[in-house]
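Residue numbers (the working numbering), protein chains in the order written: chain H, 44 to 553; chain U, 44 to 553.
Quick caveat, the hints were computed from the structure, so don't treat them as lab data.
Careful: at least some of the hints might be erroneous.
You can't tell identical chains apart in this list, so a pair holds if it fits in one copy or across any two.
Capping the alpha-carbon separation at 20 Å, the derived lysine to aspartate or glutamate pairs in EDC-like fashion look like this [as the list claims (entries may be wrong)]:
| # | residue 1 | residue 2 |
| --- | --- | --- |
| 1 | Lys234 | Glu442 |
| 2 | Lys160 | Glu64 |
| 3 | Lys334 | Glu93 |
Note that the structure is predicted; figures quoted are calculated from it, not measured.
So the chains spell out like this:
Number of protein chains: 2
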Amino acid sequence: MAVGDVSRGVFVHPLASEIVERIRPIWGIEHALSLMGWDGRTYMPRGGVEERAIARAELLVLRRRLLLNPETVKLVENAEEAVDDMNEFERGLVRVLKRNIRIESSLPDELVYERAKVTEEAVAVWENAKSSGNFAAFKPYLERIVELARKMAEHLGYEEHPYDALLDLFEEGLTTKKVEALFNSIMPTLKLTLEKVRASGYYPERHPLEDVEYQVPVMDKVNREVLSLIGFPWERGRLDVSAHPFTISLGIGDVRITTRYEGVDFRHTLYAVIHEFGHALYELQIDEALKATPLASGVSLGVHESQSRFWENIVGRSPAFVEAVSPLLRKHLGFLEGYSDEELYRYFNIVRPGPIRVEADELTYNFHIYLRFKIEKELIEGSLKVDEVPEAWNSLMEELLGVRPKNYKEGVLQDIHWSSGAIGYFPTYTIGTVLAAQILYRYESVKGGFYDSVRSRDFAPIREYLRESIHRWGSTFKPEELIEKGLGEPMNPEYYNRYIMRKFLEVKLP
Amino acid sequence: MAVGDVSRGVFVHPLASEIVERIRPIWGIEHALSLMGWDGRTYMPRGGVEERAIARAELLVLRRRLLLNPETVKLVENAEEAVDDMNEFERGLVRVLKRNIRIESSLPDELVYERAKVTEEAVAVWENAKSSGNFAAFKPYLERIVELARKMAEHLGYEEHPYDALLDLFEEGLTTKKVEALFNSIMPTLKLTLEKVRASGYYPERHPLEDVEYQVPVMDKVNREVLSLIGFPWERGRLDVSAHPFTISLGIGDVRITTRYEGVDFRHTLYAVIHEFGHALYELQIDEALKATPLASGVSLGVHESQSRFWENIVGRSPAFVEAVSPLLRKHLGFLEGYSDEELYRYFNIVRPGPIRVEADELTYNFHIYLRFKIEKELIEGSLKVDEVPEAWNSLMEELLGVRPKNYKEGVLQDIHWSSGAIGYFPTYTIGTVLAAQILYRYESVKGGFYDSVRSRDFAPIREYLRESIHRWGSTFKPEELIEKGLGEPMNPEYYNRYIMRKFLEVKLP
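Just chain H, with the same shape it has in the complex (with noise of 0.2 Å):
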């Protein structure tokens, strides 16, 4: 194997071509990072998990300390002076490159390794601490992983707002007032599509599916096949079970996703397996000549929820998925004998507020993310105390949904992010459901015949679509760029309102 021709005709430079061969070894790395959280989360037994937490936290050490090598860091520095001389892949990695130094030297090793230590203990606390619905045991880890945040935040730097610090490392550019304008321009149209909705009783809050058994070897089955369907190549990528679902890339020829088998209400581990797959082809069609360079992975998490919003919601949710997709469904899961077409769409959207951010449907769950973004915005801005937080968030539910969570459980404890450290990280879920939409309509726009093509099972323009205009590219260009570049213009949130209202107001049958 000639490591060295791997990417050859891309980074022709120079400069770009010593960069990509030097720091190959942080690729290496990170795919051997990548593999350990693939096994930590579906096959390694128990015993495992101390040495692995040694393992991990070495090579996160090496892969700063390699980013930071003084020789690199120049190396960077000569190339972004000659970047006028670049194309633009040349050009996305010393943008990529830079900026994950910029990140990396801007937080002193102390903060890094406290940050890490407080973390890892956190999420075993919050594990613990949600079982039992006890707010105060993760309390004090909360104060601390958001007192470390300010610090990043500080150490990062930003012009306006120090949760804009936070923003920029999950979705490069994002700041707080664009979140804010995000939300300011759909929260109206969901506030009222919901009212309708709830008023005209056609999609149901209830389904008499969702009480309904399934053997998991059955649905397991049925999942592989929804997937074939759609185009997952089983010879570049795997499907396995964990206990929350998740999809890993290992390289271009890799790429790996998990779903969870409740055994009842089949819907969730189906429309798992459709969104990871939306998260898997992203990874799966970047341009084969980035292979095993900072290029090869999805520019952001918002762009990456886009994509799996795109094959759940927009593709998944649709009546012309459902005809595509129920005689397969009617094949193996006997219990469906009885139920339309339509009334297998209507199970599939269900509408119900609800407490639970992961159970929510497609026209209540920006309202979780809404909420969390408020909160963590005043938590880092320091208008809001952690003790406030649990008080805040039932009322807030309250006061969008009509929810009153019965505990902490079903509350403030209910997502893994903030024990993780991850603030700052919700808002591109709301990225990602914006920019689906959009997707769509630009393909209507510049292709049109999209639910055409998902009626009649034919989704590769569908896949070649998304390859050309977002996938190839990998992290080449900033998301912005990448928006405007693969869908004619900015992220639009105007799509986003004409899709919910298409959809929920003006029903249209299977």
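Following the hints, complete the assembly by docking chain U onto the known chain H.
Same frame as chain H, now just chain U:
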């Protein structure tokens, strides 16, 4: 997690504890490489091969770079001067590192990279050559590999024979002379015993159970129950499926084994599992204080193989074990009806000279190793050319076992070892076989009642004995020191001769 505390209490000398901290990234890399090895042979999709090879190559280079870092080397040199003030673990740490540094530093970068490149290609070429029986395709690779091995021997240095340098890589301290002495001690007994066994006919050459097919899921259940019976700790390990059975340690808390299912002749998969259990138990019973250090692995291939052969042959192929395990087998394998325990014992102990090493029985196995040892030694000293190997192989096989391979697939192309660069590895199998018998006799003289324990399914005292005498020390002592310390005397092949004669000539019925 307090990484620094892991090994507290064992590495107390300031230089030793500094070393342990300093080299932990190497352990982290080795953990990652092990996980990649496991994944690559169990679950990795085909599309992942190329990027996995890149990541692996990068981590191997990083590992070498960290080990040969001048500050690390200096620290180990300083520690060496202080060994008189150190405990046995600290001295073991210094010995292992000094040895690793000596090996790595004596091999120039170019040689290491060329070897990695050649062997990676050669394994792929060998696979094809084997399936088509085409030695000519593999020949140029074997020539380069032998040439590289001879170069390595020169760089590594040796006192008497260049092959010594290669033997030492797999078994610290092993020499050509010692291997010759070993074979001289055991071959006459094996030859004589084999003749007598074939004349007597008690141990069959063929058994009807060889042709009986099994259901894979049922056999998987049997294997798991047998593992539970002999004491595999499921919370600290796994059983998976791979093309060739293997054991891999990701740490003392996570040791994974595999087997394969051919669907017929169930003793193969059953004894593969028992064999790998022996390897796994060694890694699982290393003292926890050695966690995440270079001492946390079995000390050599020979000692490792003694553990696997001990469980496979000394325990597993005994009449007492047949008695212990047969109710479990009968419960699941309906086709055993009508076969007595004695018949099962005979089936498990078929003696049939054949051309294939991995299918060889307890009595003929070492003939295969002797053949490879002779050929390797002559290749390395230059008295045999690669051209001449196929014929030398076939003639020697005929001379030793009266069997002439029908083709090169059954002959010179059967093993993966040479294609992967492993020349000097085979003799460790014989060391393992011989030591396994010695452990039995030592157990009998120190504790007694070995086969009573086996018969009554009481494997805990056996596991405990192995832990105390061998396992707990990891790589703390050189193989020869460990044997003498653990078994009260140096390796002595007479125990093996005694075992062979007792088992095969004084037949005890189950």
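Against the structure, the hints come out as follows:
1. For a Cα distance limit of 20 Å, the shortest separation of Lys234 from Glu442 inside one copy, 11 Å, qualifies, whereas the shortest one across copies, 88 Å, does not.
2. Only between protomers do Lys160 and Glu64 lie at most 20 Å apart by alpha-carbon distance; the minimum there is 17 Å, versus 32 Å within a single protomer.
3. Taking the shortest Cα distances, Lys334 and Glu93 sit within 20 Å of each other only across copies (10 Å), while inside one copy they are farther apart (32 Å).
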